[in-house]
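Asks: Sequence:
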Amino acid sequence: MQDSPFIVDADWLEKQLGEPGLAIIDASWYLPAQKRDARAEYDAAHIPGARFLDQDAVSDSDSKLPHTLASPQHFAQYVGAMGVSADDTIVVYDGPGLFSAPRAWWMFRVMGVFQVYILNGGIDRWKAEGRPVTSEPTKIAPSVFHADFDKGRV
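Remember, the numbering used here sits 68 above the position in the sequence shown when you count from 1.
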């Protein structure tokens, strides 16, 4: 773990790989000017066991504002289909570790999950350090995610 209660380091996460109750989520999303394709990068190389969270698909599609927080029901259905439970220890990451992972962290917190952390340095640092990655699809079994929405966190 890190000095921040919200951040985990790569050493800690690598030791946890394969542990039951750990949900690793690639929450990468890039602005068009960055010319990076988050889904393609995930498919090519992700942390073993990671699932991909599509920031567009988990947003409120009925809102006229982009990336509006989803309803608790939509969020629960989406992450439950990813095999994530509110009881899991969740580690989110993105490319550089500072943009979309914190947003995913916040979404989980708003939905009542407190065992959620951000990987320090993201997948870019993970790969630069020579840590394991895979292109194999992560095998998941859908689960029931119970959202405990806290409007005070919005």
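Everything labelled a hint here was simulated from the structure, so no lab data went into it.
On a predicted model such as this, the values are computed, not experimentally measured, just so you know.
Don't take each hint at face value.
[Stated by the list, open to error] Lysine-lysine pairs mimicking DSS-like chemistry, simulated, CA-CA at most 25 Å apart:
1. K195 - K207
2. K103 - K195
3. K195 - K83
4. K207 - K83
Asks: Next, verify each hint and record whether it holds.
Replies: Quick rundown of the hints versus the structure:
In summary, the hint linking K195 to K207 is supported, as the alpha carbons are separated by about 22 Å, within the 25 Å threshold. A hinted pair counts as satisfied when its Cα atoms are at most 25 Å apart, and K103 with K195 qualifies at roughly 19 Å. Of the pairs offered as hints, the one joining K195 and K83 holds, with about 16 Å between alpha carbons and a cut-off of 25 Å not exceeded. At roughly 20 Å between alpha-carbon atoms, K207 and K83 fall within 25 Å of each other, so this suggested pair holds.
In this structure, none of the earlier numbered hints is contradicted; all agree with it.
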